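Input sequences plus hints: build the corresponding full structure.
First to last, the sequence lines map onto chains C and Y.
Here the first sequence is numbered in my numbering, starting from 53 and rising by one per residue.
Here the second sequence is numbered in my numbering, starting from 53 and rising by one per residue.
Honestly, I wouldn't trust all of these hints.
Note: identical chains are not told apart, hence a pair may lie in one copy or across any two.
As the list claims (entries may be wrong) - Derived lysine to any residue pairs resembling SDA-like cross-links, with alpha carbons at most 25 Å apart: (1) 254 / 185; (2) 254 / 84; (3) 254 / 200; (4) 254 / 195; (5) 254 / 203.
It is worth saying that the hints were derived from the structure and are not from the lab.
These numbers come from a predicted model, not from an experiment.
As a plain string of letters, each chain reads:
Protein chains: 2
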Amino acid sequence: MRMSELSRRSGVPVATIKYYLREGLLPQGQATARNQADYSELHVRRLRLIRALIGVRGLSVSETGEVLRGVSEHASDMHQMLGLVLGARPVDKAAAAASPEALGEVDQLLAQVGWKVSEQAPAKHSIAETLTTLRSLGMDVDWRTLLPYAELAHRTAVVDLDQLQDADEPIERAERAVVLTVLLESVLLALRRLAQEDESAKRHGA
Amino acid sequence: MRMSELSRRSGVPVATIKYYLREGLLPQGQATARNQADYSELHVRRLRLIRALIGVRGLSVSETGEVLRGVSEHASDMHQMLGLVLGARPVDKAAAAASPEALGEVDQLLAQVGWKVSEQAPAKHSIAETLTTLRSLGMDVDWRTLLPYAELAHRTAVVDLDQLQDADEPIERAERAVVLTVLLESVLLALRRLAQEDESAKRHGA
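Put into structure tokens, the structure is as follows:
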């Protein structure tokens, strides 16, 4: 297909496509004439993944380039690839300086639920920091408080990964993983709020 | 107790307490001498709630004043009070202009799970907007996609409300509701990320 159709199919403006080509995020098309090239379905899928990584996950162009190189290398290793595209998540950006004690508590929680996760997972720091903050506010909480939430998070992750099974192509799966994981965050929190309202009415309502 | 002890017990600086007294967020203490007053446990609890509403939920001083007036009026009505302190949540602030079609889908979802929530709940708009965004990104999703997440959100809300049962005083319950609901948001998302990593390793790992 021509550049104009690639733009229409992917929803990415022509000028942006040219920029991605120059930056090497997108492979060049097959040259058909001077100043004209043919693009394939692969380009459409790749553009959608780029749009998800930049527009939804909020990566920079150079970070996106790194992730895309990783995705190409590990296209056949689904676990590696998901780790790459989901990697350091925006929600965890602030997390950095959790205390060793609080991190130890998170490890106890993980041991209890039997999850194997990477030693340096930013999400571990995020949880440890919140535990510390909650206690500084006088809340009587520890890792046991989080145990029922961890069990529900596991079921959520099972639903999440089921949603990815539909996609055949690794690159399409990577795109679905980014879009669904990041955009569903606000939905999960909104659903929790509505469920709280309903449950509160059942318990305390007129 | 004296102002200095109130400050120590609540963790709020004396100058800030004086400011809240002037703004009417905190009732005056019992005058014991010129320029001296006696404060009670009620003041400690109320200061902690103010700190939660401003520091954790991110309300302004005047918004906090409105919520506190509502909490006093509805102290015996737990459902009203939770609605007030949790009210319009930061996560929903951006939501405003969801399409009627997408809102209709959210209503279908709510009918399916049997939740009764207020007609104008901001969380409904937040979900409707994300459905629209997901579809604009080419994702094949509708309210049925969200059904398993809604069922998990209900279980999460049950755990949430159980956490509030420990608190006897209505004002203490209000404070726990704000702190736990808002601060646990990042924990729930971080737990989901860790659970995804673990589940992905189980399905696709070496």
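Going through the hints against the structure:
1. When the C-alpha separation of residue 254 and residue 185 is checked against a cutoff of 25 Å, the pair qualifies neither within a copy, at 31 Å, nor between copies, at 32 Å.
2. When the C-alpha separation of residue 254 and residue 84 is checked against a cutoff of 25 Å, the pair qualifies neither within a copy, at 67 Å, nor between copies, at 46 Å.
3. For a Cα distance limit of 25 Å, the shortest separation of residue 254 from residue 200 qualifies both inside one copy, at 21 Å, and across copies, at 21 Å.
4. Within a single copy, residue 254 and residue 195 get their C-alpha atoms only as close as 28 Å, which misses the 25 Å cut-off; across copies the closest is 24 Å, which meets it.
5. When the C-alpha separation of residue 254 and residue 203 is checked against a cutoff of 25 Å, the pair qualifies both within a copy, at 24 Å, and between copies, at 16 Å.
In summary, the numbered hints that this structure violates are 1, 2.
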